[in-house]
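S.K.: Protein chains in written order, with my numbering: chain A, 176 to 632; chain B, 3 to 147.
Read the hints as simulated data drawn from the structure, not as lab findings. Fair warning: this is a prediction, and the values are worked out from it, not measured in the lab. The beta-carbon is built from N, C-alpha and C at its ideal position, and this holds for glycine as well. Be aware that one or more of the hints could be misleading.
Derived Cβ-Cβ restraints for the label pairs, each shown as a range [stated by the list, open to error]:
{"id": "1", "chain 1": "B", "residue 1": "S130", "chain 2": "A", "residue 2": "S442", "range": "52 to 60 Å"}
{"id": "2", "chain 1": "A", "residue 1": "E408", "chain 2": "B", "residue 2": "P75", "range": "54 to 62 Å"}
{"id": "3", "chain 1": "B", "residue 1": "P75", "chain 2": "A", "residue 2": "T230", "range": "55 to 63 Å"}
{"id": "4", "chain 1": "A", "residue 1": "Q598", "chain 2": "B", "residue 2": "S14", "range": "20 to 28 Å"}
{"id": "5", "chain 1": "B", "residue 1": "E106", "chain 2": "A", "residue 2": "V530", "range": "46 to 54 Å"}
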Amino acid sequence: MAGPIKTRYTIVGAGIAGIAAAEAIRELDRSGPLLVVNGEGVAPYCRPLTVEVLTDEKTPEEICLREAQWFSERKITIVTGDPVAELRAPTKQLLLATGQVVAWEKLLVAVGSQPAGVRIAGLEQVPCFTLFTQADAARLKPLCKPGAQALVVGIGLIGLQALTALRRRGVSVVAVEVAPKVLPMILDAEAAGYAQRRLEQHGIDVRVGTSVQELRPVAGGRRPYQALTSTGEVLDFDFLVMAVGMQPNLILADRAGIARGRGIRVSPTMQTSIPDIYAAGDVTEYPDWIEGGEEVHAHWVNAYRQGRIAGRHMAGGDPPPCEPVFLNSLRVFDLPIITMGASRRDALEGAEAFVAAAPARPAYRRLLVRDGRLIGATFVNDVGEAGVFQYLMQNRINIGEVAEELVNRGRKAFEFLDELHRQVVRGDLEWAPSMDLISEYRKNHRHTRWGHNEPEK
Amino acid sequence: MRKVYTNPALCSGCRACSVACALVHFGIADDALGAIQVVRDPLQRYEYQTVCRMCEDPECVAACMAAALARDPETGRIIVDRDRCIGCWMCVMVCPYGAVVASERLGKAIICDQCFEREQAACVAACSTGAIQMAEAEDTAGIAE
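Construct the entire structure; sequences and hints are all you get.
M.R.: Laid out in structure tokens, this is it:
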């Protein structure tokens with residue numbers, strides 16, 4: 176074995192947080208030795224698109240995040256298929272599974288999350304799959320034949336992706352969710368109703384408020400396996416897909432003694448409790464300014480933003496702090512849904528909900544407002560303006576007086592925001608630092624308007 | 003770099019720009035396929051155009067997990083690779099200008115390409131009130147102020 180690889184920066188994990196960090200480091204430091212450790216045996220790829228591989232809509236090459244050339248052009252070394260065995264914080268070293276030692280000055284832990292499991296009696300007796308990695312998709316694929324019957328446990332984001340992919344391949348699906356509504360971490364009850372109806376229209380047998388109590392093989396039955404539910408029903412199936420949520424990969428951090436709750440604790444600049452060790456992406460937890468407490472905001476956009484902040488800070492930059500909120504863009508078959516913030520709450524203390532619903536279309540918009548600030552938003556089949564609301568939320572802009580108008584489209588969100596910006600440009604309104612998270616906004620805004628030569632005051 | 007500029011005060015809400023855009027890009031006279039959209043409310047009497055602002059550090063490109071979006075450093079425009087786009091609407095979720103058109107008809111995102119291959123942008127040519135103009139971004143700095 177050759178001697179240790181000496182690096183200035185080492186990034187563990189080649190998901191979007193790790194890639195974004197590598198990119199950000201290279202913006203500030205073009206030559207400092209930079210190593211990315213990719214534990215999986217394939218080139219970095221986009222995890223959320225794994226289902227597209229299962230349905231043959233994309234090839235594994237097409238969901239590749241960055242090709243080998245991208246790394247070589249930036250003088251980034253990538254180790255593939257050699258996961259980290261041990262993180263040695265005091266000596267600033269990593270030990271990889273092959274025995275290779277890596278020395279680092281700044282380390283980023285961006286190892287993401289993995290599917291969580293639940294204990295069910297008899298689980299070991301039935302074929303059980305998850306759908307997260309490319310390897311998962313490859314294992315599941317041979318079973319996805321028309322006429323097969325799948326049991327999907329959990330109707331969250333992962334469950335939704337799994338059952339959509341299975342249905343597209345002609346598999347019959349029965350899906351159970353222990354919460355009283357589908358997508359319980361994302362949607363309020365009314366929005367969940369829209370989603371559930373759409374699932375049922377596409378032939379999914381949806382059982383909410385139901386858990387699986389016991390699993391067992393049966394000889395000579397309609398299907399080789401059976402599930403007994405908490406509601407006393409028997410569900411026949413050929414294979415089971417477990418989709419009860421995600422949990423951060425904390426083994427490395429725990430062994431190294433990095434402070435954590437449900438995820439690794441990080442500062443606003445993504446530093447962990449140990450100097451020179453950073454964390455970003457789905458592995459982290461972060462103070463939730465909307466509901467208080469610490470939350471794991473596992474989402475592509477958050478992981479990207481956090482990765483960039485970590486990278487810039489590692490390379491000596493001074494990035495603006497990160498204040499992630501829950502974000503989700505999903506599709507229930509042909510029904511697009513975007514949510515943000517505390518959208519899953521049916522009610523939240525001190526918050527008022529503004530709703531505009533058109534059940535026939537169907538379309539649904541809901542804003543949750545507390546102290547004038549937007550703290551939750553849901554857009555079902557009416558997503559065009561969602562980005563503007565995301566900006567209003569991230570920048571904590573006061574919409575208290577116009578929330579009713581905004582939700583009913585009596586006023587266009589962007590027109591409201593634009594008016595606000597014009598007030599700032601005219602000097603009628605002071606620009607709070609918190610309103611500048613998207614720093615380009617003012618510049619782009621200024622450069623884009625040419626018609627607003629308002630009279631001087 | 004040249005850029006499409008809009009003035010809501012001059013907009014009549016006719017949507018000729020959206021139709022012209024859809025025609026030159028898709029050959030279909032469907033205003034919903036236009037990269038420039040006009041939001042209007044006849045009762046409140048407002049008309050408002052939304053079109054890509056060509057951010058220097060675009061949120062939509064950062065959010066795209068299918069690597070379908072890219073910023074062309076030369077022209078500044080956002081390029082949508084429709085073969086890669088899967089219609090996940092992450093770009094829609096983060097665009098603070100509401101300028102990404104989430105086309106359910108295509109199942110793909112539509113973003114203004116500034117008609118970079120044409121001398122005159124289709125929307126500009128179609129606008130009868132002069133509410134849409136094309137100019138070099140550098141030339142217009144400070145006009146609004």
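S.K.: Would you mind marking each hint as holding or not holding in the structure?
M.R.: Hints, one by one, checked against the model:
1. B:S130 <-> A:S442: 52 to 60 Å: 55 Å, holds
2. A:E408 <-> B:P75: 54 to 62 Å: 59 Å, holds
3. B:P75 <-> A:T230: 55 to 63 Å: Since P75 (chain B) and T230 (chain A) have Cβ atoms about 34 Å apart, the given range 55 to 63 Å is violated.
4. A:Q598 <-> B:S14: 20 to 28 Å: 26 Å, holds
5. B:E106 <-> A:V530: 46 to 54 Å: 22 Å, violated
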